Amino acid sequence: MGNLVLNGATSGATTITPTDAVTVTTTFPSLGGTVMVSGNMPAFSAYGSGTQTISNGVYTKVAFNTKLFDTNTNYDATTNYRFTPTVAGYYQVNGTCYFGTVTTGLGIILIYKNGSYYSLNGTSLTATNQAYLTVSGLVYCNGSTDYIEIYVYQNSGTTVSIGSQNNSQQFSGVLVRSA
Amino acid sequence: MYDKIMALYPSLTQQDFLTVITLQNDSDGKGDYIAKWEHPTLAKPTEDELK
Numbered sequence: 001m002g003n004l005v006l007n008g009a010t011s012g013a014t015t016i017t018p019t020d021a022v023t024v025t026t027t028f029p030s031l032g033g034t035v036m037v038s039g040n041m042p043a044f045s046a047y048g049s050g051t052q053t054i055s056n057g058v059y060t061k062v063a064f065n066t067k068l069f070d071t072n073t074n075y076d077a078t079t080n081y082r083f084t085p086t087v088a089g090y091y092q093v094n095g096t097c098y099f100g101t102v103t104t105g106l107g108i109i110l111i112y113k114n115g116s117y118y119s120l121n122g123t124s125l126t127a128t129n130q131a132y133l134t135v136s137g138l139v140y141c142n143g144s145t146d147y148i149e150i151y152v153y154q155n156s157g158t159t160v161s162i163g164s165q166n167n168s169q170q171f172s173g174v175l176v177r178s179a
Numbered sequence: 001m002y003d004k005i006m007a008l009y010p011s012l013t014q015q016d017f018l019t020v021i022t023l024q025n026d027s028d029g030k031g032d033y034i035a036k037w038e039h040p041t042l043a044k045p046t047e048d049e050l051k
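Chains as they are written, first to last, in our numbering: chain A, 1 to 179; chain B, 1 to 51.
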């Protein structure tokens, strides 16, 4: 494959206008910027294999310890269970957790950014409302130190075990826009 | 830890644990700990009190 070389200014943006297009243009960022293509946009998905105990009244990090995929090796599934993307930008983050055995109290699932909660979703837990808790958010990450985790909370009055099904216990994220 | 704190301070409510008190477990093998204690009148329990 050959190289396409565009001579011109060393700052600002480079715009390509297809000759047969009326309004469609393709714009590259200024010198030093990064063109985002599918190959360098981090995406991952993981789930927790094995059960995990969630104590009553305690915000507990979910140990999603099995990767389904991790295109940029940015998810730690062995120690911290956190996503630390190495590309700066805005990430769609999703978490799901199933509290099938809990029949009372409140269940909450939270996105944590850098150790503090960023967004949450919760519901009352009843015998007829077995809770699939889900949370999502658009989170900016700086591409170096920012990291994301998923925590859950329940106050049923007793300890609860959450399951190990990859279709009900998932943590995923993908870059949707670069910085 | 929740039960130990409730035994120390029976007047606490579940709402307190959603607002002014945060108990946390980072799944790092170190167990539960008090991440935030901002109760307006009750003092944060000591480690000895939580043993």
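Derived from the structure by calculation, the hints contain no laboratory data.
For clarity, every value in this text was computed on a predicted model and none was experimentally measured.
Some clues are possibly wrong.
[To be verified] Here are the computed lysine to any residue pairs in the SDA-like style, where the Cα-Cα straight-line distance is at most 20 Å:
# : chain 1 : residue 1 : chain 2 : residue 2
1 : A       : Lys113    : A       : Gly137
2 : B       : Lys36     : A       : Ser116
3 : B       : Lys30     : A       : Lys67
4 : B       : Lys30     : A       : Ala43
5 : B       : Lys51     : B       : Leu18
6 : A       : Lys113    : B       : Asp28
7 : B       : Lys30     : A       : Gly137
8 : A       : Lys67     : B       : Lys36
Item to complete: Any hints from earlier that this structure breaks? Give me their numbers in increasing order, please.
Response: Hints 3, 4, 5, 7, 8 not satisfied by this model.
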